[in-house]
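*Asks:* If you want the building blocks of each chain, they are given just below.
There are 2 protein chains.
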Amino acid sequence: MEYPSHVLSRAVEQIASLPGIGQKTALRMALHLLRRNSEDILELARAIEALASDIHYCPVCHNICDEGLCDICADKSRDSETICVVEDIRDVIAIENTGLYRGVYHVLGGRISPMEGIGPNDIEIDSLTQRIKNGSVKEIIFALSSTIEGDTTSYYIYRTLPKGSDIKVTSIARGVSIGEEIQYADHITLARSIRNRIPYENTL
Amino acid sequence: MEYPSHVLSRAVEQIASLPGIGQKTALRMALHLLRRNSEDILELARAIEALASDIHYCPVCHNICDEGLCDICADKSRDSETICVVEDIRDVIAIENTGLYRGVYHVLGGRISPMEGIGPNDIEIDSLTQRIKNGSVKEIIFALSSTIEGDTTSYYIYRTLPKGSDIKVTSIARGVSIGEEIQYADHITLARSIRNRIPYENTL
Numbered sequence: 048m049e050y051p052s053h054v055l056s057r058a059v060e061q062i063a064s065l066p067g068i069g070q071k072t073a074l075r076m077a078l079h080l081l082r083r084n085s086e087d088i089l090e091l092a093r094a095i096e097a098l099a100s101d102i103h104y105c106p107v108c109h110n111i112c113d114e115g116l117c118d119i120c121a122d123k124s125r126d127s128e129t130i131c132v133v134e135d136i137r138d139v140i141a142i143e144n145t146g147l148y149r150g151v152y153h154v155l156g157g158r159i160s161p162m163e164g165i166g167p168n169d170i171e172i173d174s175l176t177q178r179i180k181n182g183s184v185k186e187i188i189f190a191l192s193s194t195i196e197g198d199t200t201s202y203y204i205y206r207t208l209p210k211g212s213d214i215k216v217t218s219i220a221r222g223v224s225i226g227e228e229i230q231y232a233d234h235i236t237l238a239r240s241i242r243n244r245i246p247y248e249n250t251l
Numbered sequence: 048m049e050y051p052s053h054v055l056s057r058a059v060e061q062i063a064s065l066p067g068i069g070q071k072t073a074l075r076m077a078l079h080l081l082r083r084n085s086e087d088i089l090e091l092a093r094a095i096e097a098l099a100s101d102i103h104y105c106p107v108c109h110n111i112c113d114e115g116l117c118d119i120c121a122d123k124s125r126d127s128e129t130i131c132v133v134e135d136i137r138d139v140i141a142i143e144n145t146g147l148y149r150g151v152y153h154v155l156g157g158r159i160s161p162m163e164g165i166g167p168n169d170i171e172i173d174s175l176t177q178r179i180k181n182g183s184v185k186e187i188i189f190a191l192s193s194t195i196e197g198d199t200t201s202y203y204i205y206r207t208l209p210k211g212s213d214i215k216v217t218s219i220a221r222g223v224s225i226g227e228e229i230q231y232a233d234h235i236t237l238a239r240s241i242r243n244r245i246p247y248e249n250t251l
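Residue numbers (the numbering used here), protein chains in the order written: chain A, 48 to 251; chain B, 48 to 251.
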């Protein structure tokens, strides 16, 4: 499509490079921005610019942070002996929002996927192994996505753990969602939730 | 939702201020940007920044442009005696993409809508009247949206035209879309397309 201005056309092209945004939506957004005052537009531009320069990653768990250690690793009240292994920063945000977990995290930054050319060295597995070696880790919780890639990654990490160590290795429970009707649950999930059934008292 | 970094949280908030973007989508976009290299992120930021400072509007037709007159008004090969009146820049883009229209435009920047508090003075009607007074306009084509507001705006402009002038006033045709089946067309459109039927030879 041709636009009447190079500035507009560049903005549309750039906005359309975001995931899930097509040309028409990008144009709608650009024209929407044009109706705002300059200061508001610059605010958006600066917030995006800051993503390029002001983002830091926690050197311990690779979560995003503003500086030094992330808030979670820096929090002395959290149980640093329990590490929850996740793929992505979004997973950390989701688990934190439950308000239930008091341990720390390890963000892999992806999962092993030979199809996409992502091997064990492309994600933060080495630093996890190092963390386990150096620290006094008591439990590793796998909270990876329930896919072949996620399962492969969990298994790979499981195999790299020091042999004969007494680290407890667990995986988050999979099963029928709260509020979901049994008849609509997919059969793999349902089968797994039957196999991993728990004492009824635990649900009370 | 709480995010592990102020920079991320500001970016999410700003991106979520765009139309049709919620918090989760904004987060996905921000994290997607973080996976790009800095130069790419800055490119997006600069393209948005330019919307605040480098956008100009054509002083004649109020279309968006880079400088001076817009490409359409500046194009001597176009018929400046035919003015197509539209609400929005997107309408200009849509009509230009047909490749059929050789006249010029007048972008109102909205439509009269008492419900939204938009009166005739809030859109570019005066400058259109002035254009008609000053220039040698032969035809005005109304291409406004087919709503009460669009129709009101067309009618208001029609009434402001100098009385007794020999300017031809037309409206784009409304009717059943090309490729649309008659049985699925809404009855108002169908009624209008029957009332405004055209000689068959014209469709050949």
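Simulated from the structure, these hints should not be mistaken for lab results. A hint or two may mislead.
Note that the list lumps identical chains together, so a pair holds whenever it fits in one copy or between two copies.
Calculated pairs, SDA-like style, for lysine to any residue (alpha carbon to alpha carbon, straight line, at most 25 Å) [unchecked claim]:
{"no.": "1", "residue 1": "Lys185", "residue 2": "Ile241"}
{"no.": "2", "residue 1": "Lys180", "residue 2": "Asp101"}
{"no.": "3", "residue 1": "Lys71", "residue 2": "Lys185"}
{"no.": "4", "residue 1": "Lys185", "residue 2": "Asp101"}
{"no.": "5", "residue 1": "Lys180", "residue 2": "Leu78"}
{"no.": "6", "residue 1": "Lys185", "residue 2": "Glu114"}
{"no.": "7", "residue 1": "Lys215", "residue 2": "Ser100"}
{"no.": "8", "residue 1": "Lys210", "residue 2": "Ala190"}
{"no.": "9", "residue 1": "Lys180", "residue 2": "Ile219"}
{"no.": "10", "residue 1": "Lys71", "residue 2": "Ile172"}
{"no.": "11", "residue 1": "Lys71", "residue 2": "Ala190"}
{"no.": "12", "residue 1": "Lys180", "residue 2": "Ser224"}
{"no.": "13", "residue 1": "Lys180", "residue 2": "Ser127"}
{"no.": "14", "residue 1": "Lys210", "residue 2": "Glu143"}
{"no.": "15", "residue 1": "Lys180", "residue 2": "Arg82"}
{"no.": "16", "residue 1": "Lys71", "residue 2": "Lys123"}
{"no.": "17", "residue 1": "Lys185", "residue 2": "Gly150"}
{"no.": "18", "residue 1": "Lys71", "residue 2": "Gly146"}
*Asks:* Please flag the earlier hints that this structure goes against, numbers listed from lowest up.
*Replies:* 1, 2, 3, 4, 5, 6, 7, 10, 12, 14, 15 and 16
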